[in-house]
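Work out the full structure: start from the sequences and follow the hints.
Protein chains: 2
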Amino acid sequence: MELTILGCYSATPKTNTSPTAQILNIRNHIFLIDCGEGTQVQLRKYKVKFSRIQHIFISHLHGDHYFGLVGLISTFTLLGREKELHIYAPKGLKEIILLQLKLGKSWTNYPLYFHELDTKTPELLFEDEKVVVHTIPLKHRVYTNGFLFEEKEADRKLNIEAVKKAQVDVAYYQKIKKGFDVKNEKGELISNKELTFNPAAPKSYAYCSDTAYFPECIPQIMNCTLLYHESTFLEEHSQLATSTRHSTAEQAATIAKEANVERLILGHYSTRYSSLQKFIKEAKPIFKNVELAEEGKVFNI
Amino acid sequence: MELTILGCYSATPKTNTSPTAQILNIRNHIFLIDCGEGTQVQLRKYKVKFSRIQHIFISHLHGDHYFGLVGLISTFTLLGREKELHIYAPKGLKEIILLQLKLGKSWTNYPLYFHELDTKTPELLFEDEKVVVHTIPLKHRVYTNGFLFEEKEADRKLNIEAVKKAQVDVAYYQKIKKGFDVKNEKGELISNKELTFNPAAPKSYAYCSDTAYFPECIPQIMNCTLLYHESTFLEEHSQLATSTRHSTAEQAATIAKEANVERLILGHYSTRYSSLQKFIKEAKPIFKNVELAEEGKVFNI
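Line by line, the protein sequences are chains G and H.
FYI, our numbering numbers position 184 of the first sequence as 184, with every residue one higher than the one before it.
FYI, our numbering numbers position 1 of the second sequence as 1, with every residue one higher than the one before it.
Worth flagging that the hints you see were computed from the coordinates, not collected in a lab.
Keep in mind the model is a prediction, meaning the values are calculated, not measured.
Errors might be hidden in some of the hints.
Given that identical chains are not distinguished, each listed pair holds provided it fits within a single copy or across any two copies.
Stated by the list, open to error - In silico BS3-like cross-links for lysine-lysine, where the CA-CA straight-line distance does not exceed 25 Å:
1) K83 x K14
2) K288 x K257
3) K120 x K105
4) K45 x K14
5) K105 x K45
6) K102 x K120
7) K105 x K284
8) K49 x K175
9) K14 x K297
10) K164 x K45
11) K47 x K14
12) K157 x K178
13) K257 x K203
14) K165 x K178
15) K102 x K139
16) K105 x K14
17) K186 x K157
18) K139 x K105
19) K45 x K297
If you want it as structure tokens, here you go:
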């Protein structure tokens with residue numbers, strides 16, 4: 001699993017601060033998470049293949065999280081895309097996009113599916129044999145979801161030496177990987193644990209932006225491998241955080257600690273701060289394994 | 001008068017090609033003409049003061065001409081703008097913008113006026129004592145207008161030596177500038193032309209994008225000081241120009257020649273061309289005084 005930060009600032013894009021967008025590469029899926037203005041340029045800058053994006057997750061309808069989407073959808077058309085595109089977003093986004101395509105007489109030439117969200121409990125958005133994605137309901141000025149991306153338990157790893165020694169037929173290998181006991185050529189039942197190793201533990205990524213301090217989300221993100229939690233402000237502006245329903249670095253670290261996650265990434269910084277090191281300084285005493293989101297940074301999970 | 005090119009490419013923004021946006025500084029007005037995705041970043045890059053923009057002219061509802069507008073409107077709010085903002089655009093844009101502000105619960109804290117256009121004849125959009133702006137109806141895949149920005153005849157210039165010699169009271173200076181004959185201290189009537197010089201001839205800028213070859217616009221832009229005319233394609237792709245209702249460099253030059261303008265700027269290039277010099281090469285045999293729009297270029301008119 002690999003996370004690439006395309007933009008990590010709140011509010012208005014500037015020459016050196018891009019609004020929120022991330023690419024999550026998980027078990028060969030390329031998921032785009034949020035899509036602020038200019039995201040298509042950032043995708044080119046960081047050499048993400050446009051055609052590999054089939055699922056876009058939009059947290060909420062503030063501009064710094066979706067104003068780049070209609071441009072990306074239009075560019076897909078101009079590039080002759082044929083593959084379907086799925087957009088998971090709060091109710092209303094479909095109306096916004098379709099109105100613009102209609103008025104520009106610029107319908108897509110590929111299938112475009114909107115999965116509109118309005119529930120306030122975790123919802124299953126995507127599932128295949130390798131990955132599952134749920135919403136993480138958050139608390140902001142408008143209806144907002146984070147997203148929890150989880151790998152599924154992988155197949156057990158074949159202990160090829162043990163399998164050969166036990167004289168198990170090749171035809172049983174898939175069954176062994178799925179965890180079954182099998183009979184060998186002599187008709188003896190061999191226990192699965194003698195034939196396999198444990199697979200790598202499944203990993204998970206929780207994306208929480210934008211939100212006020214909201215400990216209600218902790219049970220859902222408990223023990224996750226990586227948590228991105230917004231920290232728009234420092235504690236010195238905690239009143240502003242409260243009134244705008246954002247979090248401070250200290251609050252993000254508290255969530256990470258209480259949820260017992262492995263790593264924390266901070267982001268969605270207000271552009272008022274000239275140095276980001278203060279965010280680390282504020283979070284570290286509470287949660288040690290904390291890093292800063294920065295444009296172009298790649299996190300290997 | 002001064003024109004700054006913020007972006008001059010068609011279709012999809014890339015790392016080094018911005019979609020259409022221009023700033024026209026005319027008699028102390030700062031007019032923004034079109035507003036493709038990323039325009040607010042371009043405005044910062046070229047140090048245009050956001051608060052000085054009070055009038056935005058949108059030619060048509062294709063994304064490369066307006067996808068940056070909603071972000072700019074939102075940024076004005078975040079910057080605490082109080083001054084009113086006027087947007088002149090095809091019918092439909094108001095609905096697009098207001099829907100997004102509503103769903104984001106992000107109403108502007110400044111007065112926002114939409115002047116929606118749907119007529120197919122030239123329309124007066126703006127007029128004060130110094131400047132007048134009309135639409136230039138064009139021919140494209142969707143309803144499209146160019147814009148004609150004209151300085152009004154300036155006051156006559158005082159010949160201060162002659163005025164003093166004629167012993168005219170200072171109280172009459174404004175009247176002299178307006179072209180009146182006045183009496184001097186001896187009661188003698190002095191002809192205005194003895195007291196003044198001709199002012200600089202009023203200048204004009206015609207912005208024509210996007211459009212198929214459309215000679216019907218020539219009477220309106222006749223003799224203008226500067227013409228920007230789109231040239232999305234070269235003649236080698238003239239069929240593509242016809243089918244997409246765009247112009248070639250040769251067609252843009254023909255319009256400039258027939259309209260007897262002083263200077264021509266080409267722009268709105270398709271990103272398929274690696275060198276822009278071919279546009280000049282194609283246009284120059286028809287219209288000599290031709291230049292290329294390029295990002296960041298400033299044209300003094």
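Outcome of the hint check:
1. K83 x K14: Cα proximity of K83 and K14: across copies only (22 Å, versus 33 Å in one copy).
2. K288 x K257: within (9 Å within a copy, 70 Å between copies)
3. K120 x K105: Intra 35 Å, inter 18 Å, cutoff 25 Å: inter-copy only.
4. K45 x K14: Classified as both: same-chain Cα gap 16 Å, cross-chain 8 Å, threshold 25 Å.
5. K105 x K45: neither (29 Å within a copy, 32 Å between copies)
6. K102 x K120: Answer is between: at 20 Å across copies they meet the 25 Å cutoff, but 31 Å inside does not.
7. K105 x K284: This pair counts as neither: shortest intra-copy Cα distance 52 Å, inter-copy 34 Å.
8. K49 x K175: Classified as neither: same-chain Cα gap 35 Å, cross-chain 67 Å, threshold 25 Å.
9. K14 x K297: both (18 Å within a copy, 20 Å between copies)
10. K164 x K45: Intra 48 Å, inter 66 Å, cutoff 25 Å: neither.
11. K47 x K14: Result: close both inside a copy and across copies, 21 Å intra and 12 Å inter.
12. K157 x K178: within (9 Å within a copy, 93 Å between copies)
13. K257 x K203: Answer is within; shortest intra-copy Cα gap is 18 Å, inter-copy 66 Å.
14. K165 x K178: Within one copy, since 20 Å is at most 25 Å while 107 Å is not.
15. K102 x K139: The answer is between: 19 Å across copies meets 25 Å, while 33 Å in one copy does not.
16. K105 x K14: between (31 Å within a copy, 23 Å between copies)
17. K186 x K157: within (23 Å within a copy, 112 Å between copies)
18. K139 x K105: Cα proximity of K139 and K105: across copies only (15 Å, versus 37 Å in one copy).
19. K45 x K297: The answer is both: 12 Å in one copy and 24 Å across copies each meet 25 Å.
Violated hints, in rising order: 5, 7, 8, 10; the structure is consistent with all others.
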